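Undergrad: Listed here are the chains, written in short residue letters.
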Amino acid sequence: MIRDLHNKLVNQDITSEQLTSDYFSNIEKRDPEIKAYLSLNKEFALDKARAVDKKIKNGEEIDLLAGIPCSIKDVICTEGITTTAGSKVLGDYNPPYDATVISRLKANDAVILGKTNQDEFAMGSSTENSAYQTTKNPIDLERVPGGSSGGSAAAVAADMCVYSIGSDTGGSIRQPASFCGIVGFKPTYGAVSRYGLIAMASSFDQIGPLAKSVGDAAIIFSRITEKDRRDSTSMPLVDKRYENLLSGEVKKIKIGVPKEYFEGKGLDERVRKLIEEAMEKYEKLGAEIVDVSLPSGEYALATYYVIMPSEVSSNLARFDGIRFGQSIEKESDGKDLLLKDIYFKSRAKYLGKEVKRRIMLGTYALSAGYYDQYYLKAQKVRALIKKEFEEVFKKVDLILGPTAPTPAFKIGEKTENPLQMYLSDIYTVTANIVGLPAISIPCGTIEEDGKNLPVGVQLAGKWFDEETLLNAAYAFETN
Amino acid sequence: MLSKSEVQKIANLARIEITDEEAEKYSKELSDILGFVEKLNEADTVGIEPIAHITGARNVTREDRIIDYSEETKNGIINNFPEKKDRFDKVKTVF
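Residue numbers (my numbering), protein chains in the order written: chain G, 1301 to 1779; chain C, 66 to 160.
Quick caveat, the hints were computed from the structure, so don't treat them as lab data.
In this text the structure is predicted, and so the values were computed from the model without any measurement.
Heads up, some of the hints might be wrong.
[Stated by the list, open to error] A short, non-exhaustive set of chain G residues, derived as facing chain C with CB atoms under 8 Å:
id : residue
1  : L1340
2  : N1341
3  : F1344
4  : G1490
5  : V1606
6  : G1621
7  : R1623
8  : L1639
9  : A1683
10 : L1684
[Stated by the list, open to error] Below, simulated EDC-like cross-link-like pairs (lysine to aspartate or glutamate); rule was C-alpha separation at most 20 Å, straight line:
id : chain 1 : residue 1 : chain 2 : residue 2
11 : C       : K104      : G       : D1672
12 : G       : K1656     : C       : E71
13 : G       : K1656     : G       : D1620
By construction, the Cβ of each residue, glycine as well, lies at the ideal position given by its N, Cα and C atoms.
My request is simple: use the sequences and hints to build the entire structure.
TA: Given below as structure tokens:
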């Protein structure tokens, strides 16, 4: 889609200003009921669009992303534009700097329409944990769009932007992509700089695109991947234009299917059928399907729910009402409060339920006497899981499975049971635990309540082998 | 099962004020999740080293020097202070 629009822009069939206005019109029409956006930047976006139009008129060469309207998950810092991370505590936070990924997009003349809704600090699987609004799934307004990048997925699915930039800590790009019928891509840990991404769990967090097609995801990824001195965990990648490497050829590619993925009782039978059809399609395209085993996978979710909250408890200590964000200090005039009262009361008032739950869980896991039992044990199991993946990747190029055990669930269905909500991440967390690149691509729909609910198939690749992964996803999409 | 007083102790460590009612709710919710992660004890990790960094990155160092930012950026940081006096972040007394 990006390439088509780019060609139209370059051939002057359309202008970026017109394209941008059209997207804003669609947002005005559809977003009052979908509620994907937290804020819009009309003036800023149109200025950028006009600047791109000028470049085209002057015959200057422009990038594929130039003049193309996109949206950004609100957990990514944008200079001078309110960045809330879906939390009340950052209700009036104006970042004094751009995240590296935003600098990259701006350098390529991307048009940023606005910031999208999410679960507070990206903690959730349905976007119901946003402190501001619940985003609806564009395919069925009674259902969740998934999460935590639910606003981004809904905005892409409802044509309220061409693509969106999200973040994925345990499945937050892939699961909403699956629920909304689009492509969601989480690159290898370290492939995209996290500088300016408001941290949730630093050893899992990764930025990536939500898009209409694999080709689009490849274009976006090629422009945001880099080694950044401001993120010491970012890794050098070979400078590639991945969009030019998509041949759609998967002959001789070996795709492993872990038998454990199909043993769990939580997998919807209809989802299982669609995943099996996806396997057949790959076989027809000449790929070899190989049975593999990842026995330690059953510990993945438990590992995640120890390490993630531990990192959360540390990362979110910064929201103390002192340096930025909402603070009880503002309403404390005349009251006899001490510094520690500001901490206790600001955090109590401005952090949401799920956020507090995870901070407390992590604080407990890291507290004296429990560290070995929880955190250290989980880091060992993490090593064990990684070892198994390394073994499997000696035999196969890719691993295939469902993205989520079910299609989109109803709004309110899981809010009262945190553990039940956590289980919707069961197929996605392992990629974060071991740092692999993984992508969710639409593989069919399930009819329910007269609506065709999308289902995604997930492919995971070897560390930093985005090329094989994107190419196989492209083959699936174009055949 | 985490008791209410244990929950209060954790909340104190986490610097979050919670009510008695909340303590009761957290005691159930946190116990449920802790019960779930107990599963980790079944995993045999004898001789397994805990993971340090997932993609194998080593310590990354940089020169320790001051990087000056623009007035605009500095003001942006200062404007985010909840309370300020001149260009200083104003806080309550510790004692």
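Undergrad: Take the hints in turn and mark each one as holding or not.
TA: Here is what the structure says about each hint:
Annotation: L1340/G was flagged as interfacial toward chain C, and the flag is violated, the nearest CB pair being 21 Å apart, outside 8 Å. Hint status for N1341/G: violated, given a least beta-carbon distance of 17 Å to chain C, over 8 Å. The closest approach between the C-beta of F1344/G and any C-beta of chain C is roughly 16 Å, which is over the 8 Å cut-off, so the hint fails. Because the closest C-beta pair between G1490/G and chain C is about 5 Å apart, less than 8 Å, the hint holds.
A cut of 8 Å between beta carbons decides the hint on V1606/G: the least distance to chain C is about 5 Å, and the hint holds. Given the 8 Å rule on beta carbons, the hint for G1621/G holds: about 6 Å separates it from the nearest Cβ of chain C. Given hint, R1623/G at the interface with chain C, holds; its Cβ is 6 Å from that chain's nearest Cβ, closer than 8 Å. Look at L1639/G: its Cβ gets to within about 5 Å of chain C, closer than 8 Å, so that hint holds up.
A hinted interface residue such as A1683/G counts as satisfied when its beta carbon comes closer than 8 Å to some beta carbon of chain C; here the least separation is about 4 Å, so the hint holds. With a least beta-carbon distance of about 6 Å to chain C, the hint placing L1684/G at the interface is held under the 8 Å criterion. For a cut-off of 20 Å, the pair hint linking K104/C to D1672/G stands: about 15 Å separates their Cα positions. For the proposed pair K1656/G and E71/C, the alpha carbon gap of about 15 Å is at most 20 Å, so the pair holds.
Taking the CA atoms of K1656/G and D1620/G, the gap is near 13 Å; set against the 20 Å cutoff, the hint holds.
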